[in-house]
Amino acid sequence: MKKSFAIAEVVVKELFRRKDFYVLFIITVVLSVLMAGVNVFNEPSVARYVKELCLLLIWVSSLVIAITTAARQLPVEKEQRTLFPLLAKPVRRSQVLIGKFLGCWLACGGTLVCFYVFFGILSMSREGTWPVLNYFQALLLHWVMLGIVTAFTILGSVMFSAVSANITITFALVAGILFLGRHLNKIALQLGEPLQAVVYGIYYLIPHLELFDVRDLIIHNWPLIPWGVWLGALVYGAFFTALFVWLGCVRFKKMLVH
Amino acid sequence: METVTVERQSGAARRSGGGVAEARSLPICIEHLRVVYKAANRKAAEKIAVNDLSLSVEEGEVFGFLGPNGAGKTTTMNVLLGFVQPTSGKAEIYGKSVRDEASRAELGYLPELTYYYKFLTGRELLRFYAKLFELPRAEAEKRIAQALKLVEMEQAADKPIRSYSKGMQQRVGLAQALINDPKLLILDEPTSGLDPLGRMKVRQIIQRLKDEGKTVFFSSHELGEVETVCDRVGILFNGQLKESGSVSSLLEAYQCNLERIFLKVIGFDEDGNPLSGKEVA
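Read top to bottom, the protein sequences are chains F and R. Residue numbers are given in the working numbering: position 219 of the first sequence equals residue 219, and the series is strictly consecutive. In the working numbering, each residue carries its 1-based index in the second sequence increased by 1000.
Hints were generated in silico from the structure; no laboratory data involved. Quantities reported herein were computed from a predicted structural model and do not represent experimental measurements. Treat the hints with caution; some may be incorrect.
[Stated by the list, open to error] If we take Cβ atoms under 7 Å as the criterion, some of the chain R residues that face chain F in the derived model are: (1) Leu1081; (2) Pro1111; (3) Phe1119; (4) Phe1128; (5) Leu1132.
[Unchecked claim] The list that follows gives simulated cross-link-like pairs (lysine-lysine, DSBU-like), each with its CA atoms no further than 35 Å apart: (6) R:Lys1038 x F:Lys13; (7) F:Lys19 x R:Lys1166; (8) R:Lys1142 x R:Lys1183; (9) R:Lys1183 x F:Lys254.
Even for Gly, the Cβ is constructed at its ideal location relative to N, Cα and C.
Required output: the full structure, derived from the provided sequences and hints.
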């Protein structure tokens, strides 16, 4: 794992030195502070709308960071030819891929912490409370969801040489799952065979990213998710992440590098 | 036209002894290597990149791997580095199959024109590669300092790579190839794209490595430089080893410089006109 962590360290350094994160963070901060400063009709519940919009910005920003960072990794290494001296070291291809995944995921974790701390401070300034455990549950679920997305994007980067194709496909799939994933079974019920079986198959095969979207938990200060359920969701996310990383390793091992 | 054969590939294979004990100690041992690239589509034909190549490189020698573009040099190097799997035949580094990543523990590699991670400094780049060899921190720092000194990059070590010139990038590339203090160096056109001063510096470094007893296997189109630096050369053409031997024996046998030998071996006269079948060496 030491070699994978060395590779991950380079990925993290790249993300924080390329300044993409700072741009997205500053945009989120500016928009959120502007929204928080607005007091519409002296309505006390306006804070909830601000929180909702701010969290939506955080979700979009985190997905942009996760997908664009992960999609660049291997194609850019190939294009810049840095993959050659890297693979010429006594390092297995699976270690390289795991390192790339870890780097992207850890970098996403770092950015999420910054976003959630800012969000917590902002909402505390409006509501006077900071339910830390709710934030912890939401943050970790969000991070695990980004793990699935990152692993899927890394798998895509082994399969597609064009970064843009990978980014477009991943964004489309992630958006599709987030918006339609939970409704697929209901859609299937209205269809005839064999389409019903196909849609049901998709429903059971896809990673249900919407399960990790617990924004309402902190928007409406709902009670905590039962810890067993929360842990189950983390295991579910870890399973899909591991599956995509493993598929990526298998594909990368067979890939000709020349 | 006189046909001279100083050492054919079968001879190289013989020289490696064929014996298991001797083959194990050789820095590079390639036997009957064949690499065929599959066709990209049904209409295209498969490409034989390397065909029945056998050669060995002795400990401490500088071996120049020559050939025109598309001859199969880079493919052979890619096989040695484990990037490409051979279709048949075997390739070993210090007795270990190139399929085993442990074969790369004693190896340093400088690819042709690589743009290293621009967001890192030269020193950070070397630290990263040192970590891949799992060197202890103190040992890594010592080797980084030595490598930077050898390539004369101490002053620029803490500047980002994006600010380096092409020559500096190539020298930091050489430093990364030396970070594990390798016994064997594989250099793919190390002076490609460099100005005369940069070429001279890289040549001096190769000479110093040779003096330190390192084995160097390198490809180059700069035949004058090969003549100066190399002990032995191999000339590859259409995936086959057409000629191989010590530089001095080749010069003596052909009675001309390496450039003319090279042209003759690949079937051209000194003006670049194709030779007839009988004239080809």
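Quick rundown of the hints versus the structure:
The criterion of a C-beta within 7 Å of any C-beta in chain F is met by Leu1081 of chain R, whose closest approach is roughly 5 Å, and the hint holds. Given hint, Pro1111 of chain R at the interface with chain F, holds; its Cβ is 4 Å from that chain's nearest Cβ, closer than 7 Å. The restraint placing Phe1119 of chain R at the interface with chain F holds, with a minimum CB-CB distance near 4 Å, inside the 7 Å limit. With its C-beta approaching chain F no nearer than about 6 Å, Phe1128 of chain R sits inside the 7 Å limit, and its interface hint holds.
Because the closest C-beta pair between Leu1132 of chain R and chain F is about 4 Å apart, less than 7 Å, the hint holds. Using a Cα cut-off of 35 Å, the hinted pair Lys1038 of chain R and Lys13 of chain F is violated, with the two alpha carbons roughly 38 Å apart. About 25 Å separates the Cα atoms of Lys19 of chain F and Lys1166 of chain R, which keeps this hinted pair within 35 Å; it holds. With a C-alpha separation of about 18 Å, the suggested pairing of Lys1142 of chain R with Lys1183 of chain R holds against the 35 Å cut-off.
Of the supplied pair hints, the one linking Lys1183 of chain R and Lys254 of chain F holds, its CA atoms being roughly 29 Å apart against a limit of 35 Å.
Hint 6 alone, counting from the list given before, is not met by this structure.
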